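A.B. asks: The listed protein sequences derive, respectively, from chains A and B. When you line the first sequence up against the working numbering, it's residues 392 to 689, in that order. When you line the second sequence up against the working numbering, it's residues 68 to 281, in that order.
Calculated directly from the structure, the hints in this document are not laboratory data. Bear in mind that the values here come from a model prediction, so they are computed numbers and not experimental data. Do not rely on the hints blindly, as some may be mistaken.
What the simulated footprint calls covered on chain B by chain A, stretch by stretch (three residues with Cβ under 8 Å from a Cβ of chain A suffice, anywhere in the stretch; the number is not a length) [said to hold, decoys possible]:
#1 141-153
#2 165-172
#3 202-213
#4 234-245
Idealized CB from N, CA, C, for every residue including glycine.
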Amino acid sequence: MRRVIATVVLLLAFAVPASLEERLLLPKKDGSVRFLVIGDSGTGGREQLEVAKRIAEVYKIYPFEFAIMVGDNLYGSESAGDFRRKFEDPYKPLLDGGVKFYAALGNHDDPTQRYYKGFNMNGEKYYTFKAPKPGIGLRGGVRFFALDSNYMNQEQLLWLEKELKASGSDWKIPFFHHPLYSSGEKHGSDTALREQLEPLFVKYGVDVVFAGHEHFYERIKPQKGITYFVNGSSAKLRKGNIGTSGMTAKGFDTGYAFMIVEVAGDELYFQTIEMGGKTIDSGMVKRREVAQGTEKPK
Amino acid sequence: MQARLSHLVVLLSSSVLLFGCSRDGAQASRAPEPAAAAQKADKPQSAPDKGVNPDAQLLVDFKTRIDDYMALHDKLKKEAPPLKETKDPAKIKASQDVLAMKIREARKTAKQGDIFTPEIRQLFRRLMYPEVKGPEGAETKAAITEEKRELKDVQLKVNADYPDSAPLMTVPPNILAALPKLPEDLEYRFVMHHMILLDTHANLIVDFILNAIR
Numbered sequence: 392m393r394r395v396i397a398t399v400v401l402l403l404a405f406a407v408p409a410s411l412e413e414r415l416l417l418p419k420k421d422g423s424v425r426f427l428v429i430g431d432s433g434t435g436g437r438e439q440l441e442v443a444k445r446i447a448e449v450y451k452i453y454p455f456e457f458a459i460m461v462g463d464n465l466y467g468s469e470s471a472g473d474f475r476r477k478f479e480d481p482y483k484p485l486l487d488g489g490v491k492f493y494a495a496l497g498n499h500d501d502p503t504q505r506y507y508k509g510f511n512m513n514g515e516k517y518y519t520f521k522a523p524k525p526g527i528g529l530r531g532g533v534r535f536f537a538l539d540s541n542y543m544n545q546e547q548l549l550w551l552e553k554e555l556k557a558s559g560s561d562w563k564i565p566f567f568h569h570p571l572y573s574s575g576e577k578h579g580s581d582t583a584l585r586e587q588l589e590p591l592f593v594k595y596g597v598d599v600v601f602a603g604h605e606h607f608y609e610r611i612k613p614q615k616g617i618t619y620f621v622n623g624s625s626a627k628l629r630k631g632n633i634g635t636s637g638m639t640a641k642g643f644d645t646g647y648a649f650m651i652v653e654v655a656g657d658e659l660y661f662q663t664i665e666m667g668g669k670t671i672d673s674g675m676v677k678r679r680e681v682a683q684g685t686e687k688p689k
Numbered sequence: 068m069q070a071r072l073s074h075l076v077v078l079l080s081s082s083v084l085l086f087g088c089s090r091d092g093a094q095a096s097r098a099p100e101p102a103a104a105a106q107k108a109d110k111p112q113s114a115p116d117k118g119v120n121p122d123a124q125l126l127v128d129f130k131t132r133i134d135d136y137m138a139l140h141d142k143l144k145k146e147a148p149p150l151k152e153t154k155d156p157a158k159i160k161a162s163q164d165v166l167a168m169k170i171r172e173a174r175k176t177a178k179q180g181d182i183f184t185p186e187i188r189q190l191f192r193r194l195m196y197p198e199v200k201g202p203e204g205a206e207t208k209a210a211i212t213e214e215k216r217e218l219k220d221v222q223l224k225v226n227a228d229y230p231d232s233a234p235l236m237t238v239p240p241n242i243l244a245a246l247p248k249l250p251e252d253l254e255y256r257f258v259m260h261h262m263i264l265l266d267t268h269a270n271l272i273v274d275f276i277l278n279a280i281r
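In isolation and in its complexed conformation, chain A is listed as follows:
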């Protein structure tokens, strides 16, 4: 009888879902850099609102300072009402909390979005910004590079090389719309873009890249030492679209998702959460210069 009761108690314990806080896997280290990643988010539809609601819940227990948007920030028309419905209203709790959004342009975005203050693009199609705080144990801090992958011309490539070279940052994190690597059956890897960007990423010590465009979540096995994330399902979903490329470290194409990321010294922690609140991926990326021993850990 005792054994039966113990089994029932055990089953009940497992049946009670852990709170969101208990399911938070990021280290929450003092002084770390914390941010949100969303992609292909601007539909104004029910799914965007549901995902945004979940993000707001996460924000309460894990206050991140800023968010990056990997493109397709507004689908369809772009009137003032659309900006409200597809951006300002869904993310109101974050905007009210002072979270700054930094957008990259997707193929559904009008390039004039760069003048919208809420996207912090300073009127530029491509731009760079430094995380508001340097991050624990980092001398050079964390720098982001928002690229316009719709129109990768020579000027942009030259600008990127100049900025990467001069950045002096410990973490250099590019984000843009079209993924260099993807197992998507609809789009797949953008090899022409990869030909241009990957050599720069490798040369200047990029460790992590965020993209969207594919309406699912995928973490690619490190390519030339770089971890690529595809995160284009924050409002759109292409069910069952991840093919068998052999590149997938983790894929999720059955639900909507967003990412929270924490940079703590030489480690970057990530957690990907689906609309229902379940964690679908998590892990840590170590800075290559440290991992390869070419630079001493601080």
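Assemble the complex: chain A is given as a structure, and chain B must be docked to it using the hints.
C.D. replies: Just chain B now, with coordinates in the frame of chain A:
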């Protein structure tokens, strides 16, 4: 890629040299294109000057046409609400709409071929062809044409709006590297196999090339 870039640099350098000495020639070739002739598979209208790289001459002509358009664009931009960073997206839209209206009014007689003349169209097709031909170019071609269904609302017409409902197709970097550089407010874009010249501030189709890639 390097070789292609070098080729374009040589062409453009020749264009710059030519620009100073053959402006009259370029102007002369800008006579309105007969509509019927324009439809005859874009056959060249006039023979190039002897001793001058014909491609370079065409690039000079193209640059002149672009400069003329931009002079008009910049003049009318001053009459429209300024496009600057704002919290109010309505101001962005107003700037875009007013500029588009003014350009349409100023270019109400504009037609296909005013910028992409038959000769320039042929040159552009030639410059892009190596990037899209054969199995090597298949991925570039696929990237350009992948969103076919979503582009059905785009009207290939000078002075037409680019519709909100249609995505802007990515222009592969190798294609951009093969073509002459444009000023900031102008972009090359594809609508399936056709190329448009898009004024991104006014969200307006300035000109287009049918079957730009094959």
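A.B. asks: For every hint, state whether the structure bears it out.
C.D. replies: Evaluated hints:
no.	hint	in the structure
1	141-153	holds (count 4)
2	165-172	violated (count 0)
3	202-213	holds (count 4)
4	234-245	holds (count 10)
Of the numbered hints listed earlier, the single one contradicted by the structure is hint 2.
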